[in-house]
Amino acid sequence: MSGAASREIRDEFLKSKMGMVGISILATLIIISVVAVIAIPVETFQEWNNPQSWISYPKVAVPAWTNLFLVEKAPEHLILDSPDTGSIIGDVSLVTSSFAFDYIYDGFPNDFIYEFSAEYSGSPLLQMYVLRPDGIRMDILSSSLPYLEARTTHTERVFSTDYSIKKNIAMQSDTFGFDLERLPPEELLFSYTDYNEPLKGRYVFVANIYHTGDGIKVSDSRLIIGGKAFGVMGTDELRRDLAVGLLWGTPLALFIGLVVAIASVVMGLLYGVYAGYRGKKTDETMMRFNDVIYALPALPFLIILSITISNSIFVMAGFLMVFGWVGVAKVSRSMSLQIKTRGYVDAAGMMGQKDSKIILKHILPQLLPYAFASIAISVPAAITTEAGLSFLGLGDPSFPTWGQILHDADTYGAGARGLWWWIMPPGVMIALTGLAFVFIGNALDAIVNPRLKR
Amino acid sequence: MGIKRYVATRAVTMFAVLMITILITISLVGSNMDVILKQGVAFQVRSEITDNPAIAGGFLSVEKFEEFVQSQIEQRMQILGLDEPWYSPQRIGLTMYKILFLDFGHATFLASDSGSTDVRDIIFEKLPRTILLFTTATILISIIGIFLGALASSRVGSMTDRLTSSFAIISSSFPVWWIGMLLIFLFAFTYQVFPARATPDIPSSDPGYIGALLYHMTLPLITIVLIGFGSWAYLVRNFMVGIMQEDYITAKKTIGIRPRRIIYTHALKNAAPPIITILALSLSGSLGGAIITEAVFDWPGMGRLYFDAITVLDLPVIIGATYVLTAFFLVSIFIADLLYGYFDPRIRAGV
Chain A
1 MSGAASREIR DEFLKSKMGM VGISILATLI IISVVAVIAI PVETFQEWNN PQSWISYPKV
61 AVPAWTNLFL VEKAPEHLIL DSPDTGSIIG DVSLVTSSFA FDYIYDGFPN DFIYEFSAEY
121 SGSPLLQMYV LRPDGIRMDI LSSSLPYLEA RTTHTERVFS TDYSIKKNIA MQSDTFGFDL
181 ERLPPEELLF SYTDYNEPLK GRYVFVANIY HTGDGIKVSD SRLIIGGKAF GVMGTDELRR
241 DLAVGLLWGT PLALFIGLVV AIASVVMGLL YGVYAGYRGK KTDETMMRFN DVIYALPALP
301 FLIILSITIS NSIFVMAGFL MVFGWVGVAK VSRSMSLQIK TRGYVDAAGM MGQKDSKIIL
361 KHILPQLLPY AFASIAISVP AAITTEAGLS FLGLGDPSFP TWGQILHDAD TYGAGARGLW
421 WWIMPPGVMI ALTGLAFVFI GNALDAIVNP RLKR
Chain B
1 MGIKRYVATR AVTMFAVLMI TILITISLVG SNMDVILKQG VAFQVRSEIT DNPAIAGGFL
61 SVEKFEEFVQ SQIEQRMQIL GLDEPWYSPQ RIGLTMYKIL FLDFGHATFL ASDSGSTDVR
121 DIIFEKLPRT ILLFTTATIL ISIIGIFLGA LASSRVGSMT DRLTSSFAII SSSFPVWWIG
181 MLLIFLFAFT YQVFPARATP DIPSSDPGYI GALLYHMTLP LITIVLIGFG SWAYLVRNFM
241 VGIMQEDYIT AKKTIGIRPR RIIYTHALKN AAPPIITILA LSLSGSLGGA IITEAVFDWP
301 GMGRLYFDAI TVLDLPVIIG ATYVLTAFFL VSIFIADLLY GYFDPRIRAG V
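So the protein lines, in turn, are chains A and B.
Read left to right, the first sequence gives residues 1 to 454 (this note's numbering).
Read left to right, the second sequence gives residues 1 to 351 (this note's numbering).
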């Protein structure tokens, strides 16, 4: 391909609307990948399959922005951090953590959790109360932390389902003008006193830890108000923030798609061109081998390979290449059969140039436009195949891809339960990535094969 | 290369592929398979001895008894040829011979609806359902695709043409199974028209079973057709556009034959060879795709059997299903090749 021809192709490509749409989607995806890699540390996303690290998040929460379209605002999941302020009254030291927030939703929260770590010896006292928007102060809990002989760090999570919280609130039943029986604490703390509807306004949760004796150090104290809406993309059944998975899926999908497509096209190109150029027996043998690989059922094999050998994402990419190069080899062989009959190839041969040089200098460059088109066209196939394998549960657990998110969605019956935010985004991302390359590929193809354009 | 030689080469290649497939499958799962087989034999021998009080009661100590059991197991292994490693030529040869004649042994965990654990029974129970679903889908797809493709090619550049092409491009980049999940969401959750699970909940002996099966088949069928017909239409359109530029079509136009007649009789006839080839290929291709599609819809066919077998790692079923899927795949490639050879005059004439 001479310089002039490549410029021609580029100019024509820039004129093609489809090609430009493809390029802009691809650019967006690349930006997303960069943002994902920079903004979300690798550690966070490698914790994807570790339920422990998602414990503060809500279960199957809808994306928070859906509230914009709803008349009844679903309670948002709030994770509040607080600096702990210490003071000393007499020989009692007091550590206070207070959490203030505006509750503006039309439903009660699911629950609330207060978590903290305290370093002490002895037996401190934990007292929790809430100041409500109507000025009423309600006590939540007053209990002693476990007795520690030597100074150690104690970590505790106080759940709203705790029996003593329920009892404490039941003791303040005269505040409410309705029957408290069977109502969980969060539906009382956040309720109007006359009737059981959520009271909107500013709430302040205060947790005090009293301690006598040597100093107490409280850290990581945090209040979680369990809601039904969270983040940009919501969460799944295992409390994972879907935004993290979706963002990180982008570089992974691009990686698999591009690596597999480029490697298999290069392999197929070299194989086909060599077979076509040598001709005769070599060609016959190489094409028989090609036929064998072509006829192997790819998906069953990929499944067996991933079970028996490894489901690492890199090994998977290798397996996908094994099945990817065959088609390209067939086409490039027939193209090189045509090209080698041209005068200048003959001439180069007669001048005594080496085969490798003729192939690299005279035949391969002619096939480059076709190669670029087929790279673009094979990317979506690689991405959907990987997604399909992941969907079957054969994905690499240390690299969560979109296919794996959909696998989990399917396992937990997201479709039949109507959890659209778990199903839609990963599929749309797969399709968008595929579309970007299909657009680019088709635009290139139309330039390379003008017959289809008419 | 004449047509006979062509057929012969293809047949030999296909058979070689089938053998290679089994060989690779066996070598991939062989060692696991071996362990399972040996455990099975050991368990069988042990229970035979323990169930027989005449033998079991005749031992003085536990050690003696264990020794006897071990020697019996070893003897049985030798008879069955299991003392040789699984990769020994005799054993691989025997396994391949058995598989070739559809003797896959017994499933480790799975069973057919009628309760048989013979892998062959399981497979032949599921296979007709897969064929039912995917053949119906492929026929629908090809009818819609050919019609739409011909229509688009007759009005190149029109709205129909552009819509068909863009639909083809867009639909081809969506995974079928994802569309399936969306349709389950739409038709099983939002509007409760079709069941989310495609397995009928009445036993297969019930007279209403066929009806229930067809009703449960609707949603998967819609999904496959929806995703498939676009690319078909696009392919047919491209073939037709190529043919419509040929001289003989122009000649027919100039002598005044109606364009509709030209498209549906003359042009379509000439586009037939590649279309038939693609038909055969997409039939077999859909069988491979069945694994994921059936898993989504819980359609009780080969694909789901395969998926279930993977989940519990039931190796005999995996091997059997791989063999049957491969055989189907190869037969359709073979038929496609034959048809192509038959329709392409260059091959028929032995050019």
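In short, the hints are calculated from the structure, not lab data.
There could be a bad hint or two in this list.
Derived contacts from chain A toward chain B, CB cut-off under 8 Å, selection only [what the hints assert, rightly or not]:
1. 342
2. 343
3. 380
Here are the simulated lysine to aspartate or glutamate pairs, DMTMM-like style, with alpha carbons at most 25 Å apart [stated by the list, open to error]:
4. A:15 with B:161
5. B:98 with B:67
6. A:200 with A:72
7. A:340 with A:355
8. B:4 with A:197
9. A:59 with A:237
10. A:17 with B:161
11. A:200 with A:12
12. A:167 with A:139
13. B:4 with A:81
14. B:269 with B:298
15. B:4 with A:396
16. A:73 with A:197
Note that beta-carbon positions come from the ideal geometry of N, C-alpha and C, so glycine has one too.
Pair hint residue 340 of chain A and residue 355 of chain A, alpha-carbon separation not exceeding 25 Å: Holds, at roughly 11 Å.
query: Is the hinted pair residue 269 of chain B and residue 298 of chain B satisfied, with a Cα-Cα distance of at most 25 Å?
result: Violated - the C-alpha atoms of residue 298 of chain B and residue 269 of chain B are around 39 Å apart, more than 25 Å.
- Measure nothing beyond the straight line between the CA atoms of residue 73 of chain A and residue 197 of chain A; if it is 25 Å or shorter, mark the hint as holding. Roughly 13 Å between the alpha carbons, so the hint for residue 73 of chain A and residue 197 of chain A holds.
Was the hint right that residue 380 of chain A lines chain B, CB cutoff 8 Å? 5 Å, holds
message: Quick check on the hint: residue 343 of chain A CB to chain B CB, less than 8 Å?
response: 24 Å, violated
query: Has the given pair, residue 98 of chain B with residue 67 of chain B, been kept, meaning a C-alpha gap of at most 25 Å?
result: 33 Å, violated
query: Are residue 167 of chain A and residue 139 of chain A close enough, with their CA atoms no more than 25 Å apart?
result: Given that 25 Å is the threshold and the Cα spacing comes to 11 Å, the pair holds.
Is the straight-line distance between the alpha-carbon of residue 59 of chain A and that of residue 237 of chain A 25 Å or less?
Within the cut-off at roughly 5 Å; holds.
*Pair hint outcome, residue 200 of chain A versus residue 72 of chain A [Cα-Cα no greater than 25 Å]*: 13 Å, holds
Satisfaction of hint between residue 197 of chain A and residue 4 of chain B, Cα-Cα up to 25 Å: 84 Å, violated
### Query
Regarding the pair residue 4 of chain B and residue 81 of chain A, is the alpha-carbon distance no greater than 25 Å?
Violated: residue 4 of chain B and residue 81 of chain A sit about 80 Å apart, past 25 Å.
Quiz item: Hey, residue 4 of chain B versus residue 396 of chain A, does the alpha-carbon distance stay inside 25 Å?
Solution: 48 Å, violated
Hint violations for this structure: numbers 1, 2, 5, 8, 11, 13, 14, 15, all remaining hints satisfied.
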